[in-house]
Structures are given as C-alpha cells and as structure tokens.
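Novice: Okay, here's what each chain looks like letter by letter:
Protein chains: 2
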Amino acid sequence: MLMEEAKRNNPHPLFKAVAEQEGVPVETIMKGVASGRMVVPANVNHKDIDPRAIGEGLRVKINANIGTSKDFIDVDEELRKADVAVKYGADAVMDLSTGGEINKIRKTIIDHVRVPIGTVPIYQAGLEKALSPNGAVVDLTSDDLFNAIRNHALDGVDFITVHCGITKQTVKRLCENPRTTDVVSRGGSFLTAWILQNEQENPLYAEFDYLLEICKEYEMTLSLGDGMRPGGIADSTDHAQIEELMTLGELVKRSRAANVQAMVEGPGHIPVHQIEANVHLQKSLCDGAPFYVLGPLVTDIAPGYDHIVGAIGGTIAAQAGADFLCYVTPAEHLSLPTIEDVRDGVIASKIAAHAVDLIRGIDLDKDHQMDVARRDRDWDKMYALALDPEKAKERHEERLSSEDDVCSMCGELCAIKITEEYLRPKKDE
Amino acid sequence: MLMEEAKRNNPHPLFKAVAEQEGVPVETIMKGVASGRMVVPANVNHKDIDPRAIGEGLRVKINANIGTSKDFIDVDEELRKADVAVKYGADAVMDLSTGGEINKIRKTIIDHVRVPIGTVPIYQAGLEKALSPNGAVVDLTSDDLFNAIRNHALDGVDFITVHCGITKQTVKRLCENPRTTDVVSRGGSFLTAWILQNEQENPLYAEFDYLLEICKEYEMTLSLGDGMRPGGIADSTDHAQIEELMTLGELVKRSRAANVQAMVEGPGHIPVHQIEANVHLQKSLCDGAPFYVLGPLVTDIAPGYDHIVGAIGGTIAAQAGADFLCYVTPAEHLSLPTIEDVRDGVIASKIAAHAVDLIRGIDLDKDHQMDVARRDRDWDKMYALALDPEKAKERHEERLSSEDDVCSMCGELCAIKITEEYLRPKKDE
Chain A
334 MLMEEAKRNN PHPLFKAVAE QEGVPVETIM KGVASGRMVV PANVNHKDID PRAIGEGLRV
394 KINANIGTSK DFIDVDEELR KADVAVKYGA DAVMDLSTGG EINKIRKTII DHVRVPIGTV
454 PIYQAGLEKA LSPNGAVVDL TSDDLFNAIR NHALDGVDFI TVHCGITKQT VKRLCENPRT
514 TDVVSRGGSF LTAWILQNEQ ENPLYAEFDY LLEICKEYEM TLSLGDGMRP GGIADSTDHA
574 QIEELMTLGE LVKRSRAANV QAMVEGPGHI PVHQIEANVH LQKSLCDGAP FYVLGPLVTD
634 IAPGYDHIVG AIGGTIAAQA GADFLCYVTP AEHLSLPTIE DVRDGVIASK IAAHAVDLIR
694 GIDLDKDHQM DVARRDRDWD KMYALALDPE KAKERHEERL SSEDDVCSMC GELCAIKITE
754 EYLRPKKDE
Chain B
334 MLMEEAKRNN PHPLFKAVAE QEGVPVETIM KGVASGRMVV PANVNHKDID PRAIGEGLRV
394 KINANIGTSK DFIDVDEELR KADVAVKYGA DAVMDLSTGG EINKIRKTII DHVRVPIGTV
454 PIYQAGLEKA LSPNGAVVDL TSDDLFNAIR NHALDGVDFI TVHCGITKQT VKRLCENPRT
514 TDVVSRGGSF LTAWILQNEQ ENPLYAEFDY LLEICKEYEM TLSLGDGMRP GGIADSTDHA
574 QIEELMTLGE LVKRSRAANV QAMVEGPGHI PVHQIEANVH LQKSLCDGAP FYVLGPLVTD
634 IAPGYDHIVG AIGGTIAAQA GADFLCYVTP AEHLSLPTIE DVRDGVIASK IAAHAVDLIR
694 GIDLDKDHQM DVARRDRDWD KMYALALDPE KAKERHEERL SSEDDVCSMC GELCAIKITE
754 EYLRPKKDE
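Chains as they are written, first to last, in the working numbering: chain A, 334 to 762; chain B, 334 to 762.
Bear in mind the hints are in silico, worked out from the structure with no lab data behind them. Owing to the predicted nature of the structure, the values given are computational and were not obtained by experimental measurement. Hints should not be assumed to be uniformly reliable.
Put simply, identical chains are the same to the list, so a pair is met inside one copy or across any two.
Simulated crosslink set (PhoX-like; lysine-lysine; CA at most 20 Å straight-line) [stated by the list, open to error]:
| hint | residue 1 | residue 2 |
| --- | --- | --- |
| 1 | 750 | 462 |
| 2 | 505 | 759 |
| 3 | 501 | 759 |
| 4 | 349 | 364 |
| 5 | 462 | 714 |
| 6 | 462 | 437 |
All chains should be modelled from the sequences, with the hints used to inform the complete structure.
Specialist: As structure tokens, then:
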C-alpha cells in the first residue's frame with residue numbers, strides 16, 4: 334500500500350514521479366500521503382499510469398467527467414473527450430458511462446488514458462437493476478454493490494466515488510429539514526431511496542470495512558461522495574449536507590487506519606459567501622483530507638454557461654483550500670456534454686486552478702512570460718503560452734489589424750506601442 | 334444638478350425611476366447621490382434615458398464596451414452589439430469607436446441606446462492628431478482635449494472616462510518602479526507619453542475645474558480613469574497604480590464639492606488574493622465613491638477565454654464591494670469583439686454580478702424559482718428563468734433524451750425523479 338510505504342518513508346517510484354511534477358522534495362509527498370493530507374490515486378492494475386498527487390500545498394488539480402449515456406453511446410467520441418480533457422490540462426478523468434457495454438467501455442478508457450481514472454460503481458449496479466424486468470434501483474443488494482466495486486477495482490480504476498455518508502441518520506436529517514431539490518446526486522438518490530424503501534442501513538456504510546479490504550487489494554483510492562450536496566442555492570450548507578460530512582470525516586479516519594487513501598467530495602450549489610466556510614468545515618471535520626469540489630456553482634440561473642459559474646466557485650474554493658476541482662461543462666443541467674463542451678469545461682476549471690496556483694507562487698512565471706510576449710507583440714509566443722493556443726491564434730487571426738504587430742481593437746492607438754515609443758527612451762536616458 | 338437635487342432632498346423623477354428599479358425608497362437614492370456614494374449618470378441631452386443608479390448597496394451593475402476600430406467599421410454591427418448587450422443585461426454601454434465617422438457613430442448610438450452611455454473622449458482627440466500629417470498623440474493640446482469632451486457632453490454622453498490621475502508625479506513613480514508592461518490603458522498611454530514629451534502637467538489634472546464646469550453644464554458624470562492599471566499579474570498593486578488612485582481620491586472630493594457626480598475606475602490584471610485589498614483601498618482613499626472595475630483579470634494566460642477570467646475577478650471584486658463591472662469579452666487581448674463575443678462577455682459579467690447580488694438577498698427568488706423548475710422538470714420554465722433562454726433551450730434540445738422529461742445526461746437514472754418517487758411519499762406520510 335502506498336500509504337504504508339509513505340509511513341515507512343520509502344520513496345516509491347510513484348512518489349518520486351509526482352514530486353518531480355510538483356517541484357517538491359519526495360519527502361513532502363511521503364509526509365503528505367502518510368498523514369492522509371495528500372492522495373496519489375494509482376490502482377496496481379492501471380498500467381503506465383501518469384500519476385498525480387492531490388492535496389495540501391500542491392498544484393490545484395482538475396477532473397473531467399466523460400462517459401456514455403443511454404441516449405448517446407459512442408465510445409470513440411468518449412475517447413476523444415478524454416484526449417481533449419488531458420490535452421487542456423485535466424489531471425484525472427472520471428468515466429461515468431451509463432449507456433452501452435459499460436464494462437467494455439470502461440476497460441477501453443482505462444487502457445487509453447494515462448492520468449488517474451475515477452468511476453462511480455453504483456451507477457452501473459443501479460442501472461442493471463433498473464433495466465431488469467420490473468426492477469428498480471431500490472432492489473440493489475449489498476452483493477450487487479460490492480461486486481460492481483470489485484470489478485471496477487480489478488479493471489484498474491484509480492479512485493471511486495462511494496456515497497458512504499448517506500446513512501439512515503442523514504436521510505432522517507433530510508426528511509426533517511426539507512429542501513427544494515432534495516437529492517441531486519445520482520448515487521445519493523439511489524441510496525436515499527434504498528434506505529427509505531428497505532429501512533436498512535446503507536451497505537457502503539454498514540460494510541465499510543469490506544470496502545476498505547477491496548481498496549487495499551488493488552490500491553484503490555476512496556473518494557467519499559457527497560450524496561447530500563445541495564442542488565440549489567437555497568438548499569446549501571444545510572443539516573443533511575453537514576450530517577453527511579461529519580460521517581465522511583469519521584470514515585476518513587477509518588480509511589487512514591487501514592492505509593487506504595481517501596479524499597472527500599463537496600458541493601455543489603453554494604453562494605459565494607458560504608464557499609470558504611464549506612472548505613474550512615471540510616478541512617476541520619475531515620482532518621485535512623483532500624477536498625474534491627463539484628464546482629461549486631454560485632448561481633442556478635445560468636444554464637448553458639455553468640462552466641463559468643463553476644470556474645468562479647472553483648477559484649474561491651481553491652483559494653480557501655480546496656485541492657481538486659471537478660469541472661462543469663456548458664451542458665450541465667441540460668444534456669450529455671459534447672467534445673467542445675469538454676474543452677470549454679476543462680479550460681474554465683484550469684483557469685480557476687491556475688489563478689490560485691499563481692498566488693501560491695506556482696507557475697507564476699507563465700503569466701510573466703505572457704506579459705513579456707504582449708509587451709513585445711510577439712504573437713507566436715503569446716499563442717504558445719496560452720492555455721488554448723489554437724483558440725488564441727484563431728481569434729486573433731480571424732480579425733487581423735491592417736497594422737503590423739498590433740490587434741484590431743486599438744490598431745495604431747496601441748497603448749503598449751505608444752508607451753514603448755515615449756517611455757523606453759526616457760528609461761534608457 | 335442631480336447632486337444638488339439630492340442634497341436638497343428633492344425626489345427628481347430620475348431618482349424615483351432608479352429607486353423603483355432597485356426596490357429601495359427614493360430617500361436611499363437621494364442619500365447615496367448626495368454623499369457621492371451612488372451616481373445616476375444621465376446627461377440632460379440623452380433623451381429617453383433608461384437610467385441606472387450605481388453604488389453602495391445597490392444591484393451590481395455591468396457595462397459593455399462596443400465601437401468601431403480602424404479595421405472594422407460597421408455601424409449597424411455596433412448597434413446590434415448594443416442591442417445584444419442590453420438584452421442580456423448590460424446596465425451601460427460605452428462607445429469606444431476609433432474608426433470611421435466617429436461623431437456620427439456616437440450620435441447614432443446615443444439615439445439608439447436607452448441605458449447610460451459612456452465614452453473616452455481622448456481616444457477621438459488623440460486619433461485626430463495621430464492621423465494628421467506628421468502628427469502624433471503627444472501633439473495634443475489642452476484645447477483639443479476639452480473640445481472633444483465638450484462635444485461628447487453636448488451629444489448626450491452620460492459618463493466619460495478621463496485619466497486625470499496621470500500626473501507628472503504618477504509618471505515619475507512609474508519610471509522609478511519599472512513594470513513589465515508599463516502602461517496598457519490607451520488614454521493612460523497618451524497622457525504618459527504627452528507628459529514625458531512635453532514636460533508639462535496633464536491638462537485634465539491641471540485644468541480639472543474647467544472639466545467640472547463642462548460636466549455641470551450637461552449633468553455629465555465623471556469616471557475617473559485608471560491609466561496606470563496594471564497590464565499583467567506581476568505589475569499589479571504597484572506604486573504607480575496607488576499613486577494615481579490617491580490622486581483620484583482627491584479629485585472625487587473636488588467633484589463632490591462642485592456637485593459633479595464621480596466614480597472611480599480600477600484594475601485590471603490582479604491576482605485573486607489582492608482583489609479585496611484593491612477594493613478596500615479604493616473605497617477608503619475615495620471615500621466610498623462607486624468603484625468601476627475592468628475585470629479584474631486573475632491570470633494572463635487565457636486569451637480567448639478572458640470573459641471567464643474577468644467573471645472570476647469581477648465576482649470577487651463585487652463581493653468585496655465593487656459596484657460596477659466592465660465586461661471582458663473572449664476577444665480581449667486578441668481582436669475587436671464580434672456580436673457573439675458581446676453576448677458571451679455580458680453573460681459572464683452578469684453571472685458575476687448576480688452571484689453577488691443574491692448573497693445580498695437581491696433577486697434570490699430567481700434562483701429559487703429555477704430550483705423549483707428543475708425539481709418539476711419544467712423545461713419551458715427553466716428556459717424562461719435562464720440568463721440566456723435561447724442558449725439553454727438550444728443546448729437541451731440538440732441532445733434530447735429518449736425519456737420524457739429528463740435530460741440526456743442521466744436519462745432514467747435522474748436523481749430528482751428517483752428522489753421524487755421514493756422521498757415524496759415518505760414526506761407525505
């Protein structure tokens with residue numbers, strides 16, 4: 334187990350690789366993984382993984398969700414989404430496929446993608462029930478759930494979202510504190526319905542030790558899901574959400590004791606003034622475990638532009654200490670994303686992550702080099718330094734200026750050129 | 334003068350109109366305008382104006398820049414940009430035209446647009462010099478500048494950007510504290526060059542009382558420009574910027590004493606952790622004058638996506654107290670924006686403004702209504718409530734689900750439907 338290696342101060346090759354990526358001593362990684370404040374998700378069966386470390390003091394990481402749905406099943410398109418995601422900076426890819434031959438699709442994606450891969454096994458387990466004659470997700474058995482998890486582990490999935498914090502007590506809190514949108518997490522809705530229907534405890538909570546056993550066998554990292562994340566601004570930071578978070582904090586402790594790496598997922602829809610509090614609460618209740626936030630989305634009224642809404646929330650969350658941002662695409666709340674949506678979503682999240690990295694002194698030089706290129710009107714250098722070189726070049730060249738080296742906004746009234754002409758000689762005097 | 338009316342507690346029809354828009358008593362507006370903490374830009378010659386109040390405690394406002402450049406001169410396109418801007422929520426439009434028959438274009442825009450109109454008269458004055466044989470912007474005379482300003486005032490411009498804070502002292506600070514990109518404001522670059530070349534004081538500062546006279550004659554609001562705004566992350570919050578801001582604070586006092594409404598412009602490129610300090614500094618040095626920020630842009634490396642970068646900075650600035658956000662389009666740093674860029678820029682700024690409005694309890698109901706529509710899977714209602722109804726409808730319908738009322742992301746695994754099926758009966762028990 335990587336956590337054991339870290340505790341033994343053994344510089345595993347994966348630790349060396351991520352230390353080099355981050356530009357930190359390998360000791361920093363070992364200390365972080367040993368304490369549980371960093372995770373390095375890397376299933377023993379994910380061959381040729383290009384690993385990432387996620388957590389305190391490191392670059393802010395971003396995740397892109399891909400995957401088929403019942404209505405859109407095209408494996409090649411999903412592979413292209415994964416390629417686009419990684420090209421523009423995704424540090425992890427989650428395969429959320431729920432359409433077609435899910436097992437085959439997952440294996441194809443794992444073989445194809447080198448960054449860490451995440452999944453949500455309950456989707457597949459629930460779907461199989463829902464598709465069976467007269468079946469429903471509430472018919473899921475403990476065996477169904479754990480078999481799905483074991484299959485994903487065996488295939489090489491590096492981290493799984495498991496909604497272990499949806500307990501009878503969490504559901505009680507939800508019922509006692511009504512929301513507008515109740516449960517918007519898919520896995521969370523399955524388990525809430527299951528608990529209400531079966532009047533039993535969530536198997537992922539009741540049999541958490543068994544879950545830990547599977548994770549140990551394959552070095553699979555837990556991403557403790559927030560099934561009670563709010564689905565609207567007015568529902569944010571409520572009793573059900575915090576009840577679940579407290580449970581997740583306890584499960585983080587149990588994971589660490591078993592040498593299983595664990596991170597914690599967070600909201601969701603939160604107004605800007607509550608984001609910092611959400612991050613501090615998670616860090617405190619979960620003893621500094623890496624925080625993986627879904628957005629957050631700071632308003633509900635911008636469908637079609639939720640990648641922007643998520644980039645705003647992601648920046649504020651990362652500044653407060655969130656470690657891992659799940660991207661949101663322009664298709665959020667509307668449809669299954671296209672390849673172009675994946676590009677837009679990844680770039681928006683990358684902007685959020687980078688804006689926070691640079692205030693920590695990470696990659697600050699990239700911005701400075703861009704400023705130098707702008708001062709020098711060196712367009713090729715500007716493109717090369719841009720998060721999306723093709724887009725920058727395309728947008729500049731489609732409306733060129735008739736002047737040589739300036740853009741069509743200011744033309745000969747370019748502030749930089751005028752300043753250069755009159756200020757530089759004075760500077761040189 | 335509106336400020337005099339406010340001081341006399343006279344509920345001018347413009348005050349009543351904006352009070353109704355904001356849902357506040359007219360006394361709040363009068364108190365705000367009298368103290369200079371709010372402005373209601375409304376030139377006596379701007380017929381049929383749909384006014385706005387900008388400042389403390391009000392809805393966060395957004396501005397869209399339009400206008401021709403030397404390379405793209407199409408008045409109809411600029412009018413369509415203005416229409417698109419207002420449709421998606423712009424509270425003001427600045428005409429920055431520098432190509433074609435500028436006087437005629439400006440008049441056409443003022444006749445066409447009902448929200449407050451702003452301009453930067455020095456662009457036109459500088460351009461005329463630059464285009465004259467052997468001419469250059471440094472040949473500008475005081476008369477050239479004030480004649481341009483008077484013409485804009487006469488035409489009905491509601492607020493003008495004037496870089497009165499670029500003084501000999503500010504330029505000295507710049508020379509003593511070198512930057513990577515020196516001056517990126519167009520007006521700022523003209524005046525910096527002018528001061529260096531002519532070794533005289535900036536006429537807009539030296540003859541500020543004359544400027545106030547013109548403003549009084551036409552009820553034109555001053556937008557005190559930040560000619561020294563940083564053009565890159567590494568240049569932010571430096572000596573030249575703060576020197577200029579201190580001067581602007583003094584000019585705010587002189588404006589108020591003359592009953593001329595004034596707001597103050599701010600950066601620019603600022604890293605996220607410095608934004609709040611910039612807002613507090615402006616509010617303190619300028620005695621609570623409305624703060625009009627350009628972005629801010631929180632990283633330099635995302636050309637093609639600067640509307641997202643600006644929405645992040647704008648949200649953080651507005652949360653800290655900025656009152657008025659100048660939009661940034663995806664074309665920023667690359668070319669003159671298209672109509673589609675204007676739409677993207679306005680929506681991004683509107684998201685930022687609204688995200689902050691709702692934490693002040695303003696328009697919170699819009700988000701709640703959207704949550705109800707989502708819970709009820711009422712797609713027409715969702716479209717109607719969206720900031721961009723057409724985009725939301727288009728994106729949902731281009732990839733419909735084969736199921737009835739859900740989307741193609743989750744299909745029959747819709748969390749909201751599952752929750753409804755199993756939770757609602759329990760709630761009703």
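Novice: Any hints from earlier that this structure breaks? Give me their numbers in increasing order, please.
Specialist: Hint check: 5 fails alone, others pass.
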